[in-house]
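Chemist: Read off the chains here:
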Amino acid sequence: MSGTFVTLVAAEIERPSIDWHAIAPELILLGGGALVTVIDLIWLERVRKLIPTLTSLVFLVALIPVITLWADGSGLPRGLWIIDENVPATGVWEGAFVVDNYSLVLKGLFLLSAYVIVLLSTNYMSEGDYYDSEYYQLIAASVLGMLVMSSSRDLISIFVALELVSIPAYLMAAWRKRDLKSNEAGLKYMLMGVFASAILLYGMSLLYGIAGSTLLSDIAAAIDIGESRPVITLGIVFTIIGFGFKVSAVPFHTWAPDTYEGAPTPLTAFLAVASKAAGFVALINVVIVALPTQANVVEPFIWVLAAITMTVGNLIALRQTNLVRMLAYSGVAQAGYMLAPLAVYDGISDRATSAVVTYLVIYAAMNLGAFAVVIIAARKTRSAELSSYGGMFNYAPGLTLAMTIFLFSLAGIPPVGGWWAKFEVFRVLTEGNRTSGIALAVIAAVNSVIAAFYYLNIAKQMWFLPSPDGDNSRIAIPPALLAAVGLTVAATIVSGVLPGVVSDMTDFVNVAAGQ
Amino acid sequence: MIVTESWYLIVSALLFAIGATGLLVRRNPLVMFMCVELMLNAVNISFVAFSTALQDLAGQTAVFFVLVVAAAEVVVGLSIVVAVMRRRPSATVDDLAELKG
Amino acid sequence: MFAAAAFPILPALIITPLITVAVLMLIPANRNSELKLAALVGTTITGMMSIWMLYAFEIADDGFQFAVNRVWLEELGLSWNLGVDGISLFLVVLTGILFPIAITATEPHHDPKQYYIWLTLLMSGSMGVFIALDLLLFFLFFEIVLVPMYFLIGGWGHGNRIHAALKFFLYTMAGSALMLVGIVSVAFLSQDATGGLTFDVVQLAEAQALSQTAQRLVFGSFALAFAVKVPLFPLHTWLPDAHTEAPTAGSVILAGVMLKLGTYGYLRFGIYLFPQAAHDLAWIFLTLGVIGIVYGAAVATMQRDLKRLVAYSSVAHLGFIALGMFVLNTQGIQGAVFQMVNHGISTGALFILVGWVYERRHTREIAALGGLQKSAPIMAGVFTLVMLSSIGLPGLNGFVGEFLILLGGFQGARWWTVIAVTGVILAALYLLWAYQRVFHGTPTEENASMPDLRLSEGLAILPLLVLIVFLGVYPKPMLERIEPAVERLVVHVEANVDGFEEPGPEQLPAEPATADDLTHTLEEAEAEAEAKEEAESLGGEG
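Residue numbers (our numbering), protein chains in the order written: chain A, 1 to 515; chain B, 1 to 101; chain C, 1 to 542.
Keep in mind that the hints were calculated from the coordinates and are not lab data.
Warning: the hint list may mix true and false statements.
Each computed DSSO-like pair below joins lysine-lysine, with the alpha-carbon atoms no more than 30 Å apart [unchecked claim]:
| # | chain 1 | residue 1 | chain 2 | residue 2 |
| --- | --- | --- | --- | --- |
| 1 | A | K460 | C | K113 |
| 2 | A | K177 | A | K49 |
| 3 | A | K380 | A | K460 |
| 4 | C | K167 | A | K460 |
| 5 | C | K36 | A | K460 |
| 6 | A | K177 | A | K380 |
Using the sequences and the accompanying hints, generate a full structural model.
Modeler: Spelled out as structure tokens, the structure:
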């Protein structure tokens with residue numbers, strides 16, 4: 001890449017043309033986000049009610065080029081520049097930005113999750129006392145980071161994307177600024193996040209020092225198989241720790257429960273689903289593309305992380321009495337399952353990737369749904385305490401059924417989505433017939449039983465126990481929230497009953513490396 | 001005495017360690033924040049040192065990105081710290097125990 | 001009725017209850033009788049279809065019949081692979097019969113709509129378990145049935161119902177969690193031998209690609225799941241709670257159908273897929289089975305709660321079935337399959353009767369009951385018949401199954417069987433003693449005024465009584481259908497286990513259980529058992 005830099009400055013500008021189609025989703029989001037900001041600045045109060053709708057529209061419009069790129073699959077993978085035989089020069093950032101099936105699935109996932117998040121936020125924000133237009137603009141910015149992340153194949157662009165995801169999220173976590181809990185949530189998240197970025201960067205600088213390039217494929221080429229030097233190990237471990245914070249892997253999870261509880265609940269859903277997914281995408285990109293030769297270092301490290309993440313997450317979740325915190329710890333445990341395929345990726349990196357992405361997709365549907373129900377319930381009960389869910393079946397049977405579907409899905413009970421996600425993980429773990437993989441599968445299996453205990457505990461409250469205050473008046477569900485629940489229920493059921501729909505999308509050949 | 005790149009790398013590692021230790025030991029949010037800056041600067045030194053050693057510009061490019069991102073982080077971070085301080089003057093991280101981690 | 005080849009009877013068994021669920025959802029929640037009617041019609045149609053299968057079933061064919069195979073997920077080799085053979089046929093029929101009876105016999109005391117929805121969903125899932133020939137599909141159904149049962153126990157149960165429901169769910173899930181790992185492992189390990197990833201039971205069983213250690217480990221993961229479900233001692237502790245707290249229909253289905261998922265699983269998946277491991281480790285299951293027989297009977301004797309007593313009798317009966325299966329010879333397995341059906345019929349009927357007593361008297365304490373024979377002579381008569389079937393009185397269905405199991409057991413596992421025989425005596429002891437305390441004696445005022453069976457109740461339980469007698473005197477139609485599939489399983493075990501031959505001499509006729517043979521042996525045993533019976537009841541009364 002350095003070569004290109006020099007060429008660009010020295011020689012007359014001869015460059016390949018930009019592949020506008022490939023970067024259209026990002027451009028639309030960038031332009032749309034800016035447009036929404038401008039509209040808000042010009043018309044202020046008069047358009048405030050429209051801002052959420054406009055933002056969600058931007059997400060849906062950005063989804064269009066994702067779909068057309070997918071449909072036009074023949075040209076994939078494509079990059080920032082159109083590769084042209086007649087123009088020998090390469091463009092700057094060549095290879096740093098790659099559009100392939102894998103990144104398109106993730107872009108679709110991020111945009112749809114963001115759409116649901118906006119649906120969840122609409123009433124929450126407009127009924128709170130906090131100025132809310134910027135909230136949506138920050139979400140758009142954060143999602144832009146996620147889109148870039150799914151295409152990043154370069155350490156620098158991964159870092160920039162990760163920060164673009166995180167920095168708006170710090171602000172949003174502290175959104176309810178007169179609420180000390182929210183302040184605390186923002187501060188803890190910010191300090192831990194920045195700390196993680198610093199560690200990540202240090203790891204990246206070491207990787208750069210070893211390989212002499214920030215391009216992931218160059219790093220892969222520069223490190224020989226099984227080559228073992230302390231500096232390589234250190235670079236890898238630091239990088240993975242940095243991502244470990246983002247995906248809330250134990251022992252780097254300490255910020256998650258506090259931030260989740262203190263932040264506005266829709267934002268919690270955003271952090272637990274989209275932001276975590278972005279962390280996983282970064283991890284996959286680095287591990288699969290840059291470190292295929294370093295399985296001997298990466299696998300044991302991730303193995304340990306996955307095992308303790310799922311176990312500790314589940315054990316702490318058992319003791320929670322606040323549903324949001326319980327979901328936070330359950331999210332930690334779920335991150336453990338998602339890490340698991342990366343603990344055995346050597347030789348089957350395509351399968352491992354598709355298992356993680358499948359899990360991310362299904363997890364997004366069921367977890368967003370669970371948060372939607374929590375938000376709806378809180379409109380009536382003003383509480384996320386577990387006991388406040390008592391007797392919900394009596395006054396909100398449909399909502400109870402929806403929550404039950406999400407809970408059974410999270411617990412991995414067929415026929416709803418979660419079982420397929422778990423199955424994919426088990427499949428990868430046992431595929432290589434390696435002791436480490438099967439041992440991790442056994443740990444995961446045992447953990448799914450622990451998890452079932454607290455998920456069922458919630459179901460028990462809703463179905464069998466009386467409501468704590470005897471108030472059985474119905475809950476009025478605003479249309480936006482109803483739509484969010486409907487979408488997530490449908491996605492959860494379809495992914496379980498017709499897993500082919502998901503597996504067709506996530507069955508990629510591989511994560512394309514930039515050239 | 002010839003100062004080679006490895007000297008810079010050692011300085012960078014030391015700075016990084018100091019920053020990390022400070023972050024873990026100190027309890028004032030502002031000081032913790034400064035420690036993070038220290039760590040980021042250690043990273044910058046390391047990038048530049050490698051860049052020189054490898055005769056490759058990418059490392060120095062990275063430094064620009066790190067600088068910009070760090071500036072953004074400072075803006076956001078300080079605003080959050082200010083928000084907290086307004087509610088709870090002279091707060092340390094330990095005082096923030098509304099939420100039990 | 002239907003053209004056998006054209007009509008996809010097996011998918012219909014799963015789908016008809018699902019359609020019923022859809023219909024139930026459309027009926028308003030307060031229309032109690034319409035809801036019951038809809039549930040009854042849906043389950044009865046399903047039941048009729050299963051009975052029709054008896055008629056259409058090719059007796060001599062030892063393979064899978066009515067087979068349906070639709071690809072579900074190609075790259076995984078996952079498919080809707082359904083079929084029945086002699087082993088699963090009668091369990092399907094049992095499911096088909098018990099559900100309408102359970103619905104007719106009892107009423108939910110609240111929320112009938114939900115109740116019937118869960119019950120019909122449960123029927124769909126139970127059918128699925130017995131007819132799935134794809135390992136993964138089987139696992140899905142195996143897990144799915146937990147959900148409706150959890151809600152049935154938790155929503156309509158008695159006493160400590162929520163705790164019982166949770167215990168039931170977690171025990172079963174803990175057992176089956178490792179099975180999923182096992183399922184995926186066996187598919188991958190057999191990948192080369194089967195020529196591609198498949199979860200087809202037949203292909204996997206024919207391939208036999210696992211090394212000895214792998215086979216034992218994977219078999220272990222299956223066995224654990226089934227052992228919880230059966231339940232084998234010492235994993236049975238969920239059962240008394242779940243059975244006692246469940247609503248009557250729940251107990252009937254739990255005992256009649258869901259316990260069979262475990263024993264059926266051993267036959268269809270455990271022994272069939274891993275014959276070597278099953279053979280090597282058979283002694284464990286024989287031992288646990290025999291412990292279950294003696295322990296279940298001993299604990300049942302000490303119960304104060306009538307329903308709990310029946311629940312523990314299940315542990316003993318299932319011990320017999322385990323014994324029969326792991327002897328690994330034709331008589332034993334045949335007896336085990338026969339006994340699975342018997343247990344479903346007689347224990348199902350016992351739970352219904354106990355449920356009726358509870359509805360009338362609002363107690364199940366044996367001490368609080370007494371002299372019911374005076375106030376409810378018909379009920380006492382029905383109870384006697386069902387109880388004698390459960391004890392294994394010759395001439396009733398229970399005897400045939402137990403006899404075959406013991407016959408097989410003496411050839412293959414003599415010493416275990418010797419101990420198991422004491423279980424037969426204990427069964428007579430606890431049931432007759434319970435009968436004596438509940439139905440004999442002078443009734444208290446409340447007991448004296450207890451109403452007898454209503455006509456509708458009598459009609460509801462009548463099919464079970466007919467089956468008890470019919471299968472006792474003329475088991476041939478059932479045995480001859482079970483026989484070929486069992487024979488095939490045993491041959492499969494013989495072929496795949498080094499140096500293993502079916503225990504027991506081949507002196508039995510090739511068609512061992514013709515009615516004549518059986519009647520002959522029955523007569524011999526009858527005199528002996530009757531004498532024992534009398535001694536017991538005399539001893540009890542004196």
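Chemist: Next step is simple, just say for each hint if it's right about the structure.
Modeler: Hints and how they fare:
For the hint linking A/K460 to C/K113, the alpha-carbon distance of about 19 Å falls within 30 Å, and the restraint holds. Proximity of A/K177 to A/K49 is assessed by CA-CA distance (about 21 Å); at most 30 Å being required, the pair is judged to hold. Restraint check: the Cα-Cα separation between A/K380 and A/K460 comes to about 19 Å, which is no more than 30 Å; the hinted pair holds. Note on C/K167 and A/K460: the hinted pairing holds, with a Cα-Cα distance of about 12 Å set against a maximum of 30 Å.
For the proposed pair C/K36 and A/K460, the alpha carbon gap of about 26 Å is at most 30 Å, so the pair holds. Note on A/K177 and A/K380: the hinted pairing holds, with a Cα-Cα distance of about 23 Å set against a maximum of 30 Å.
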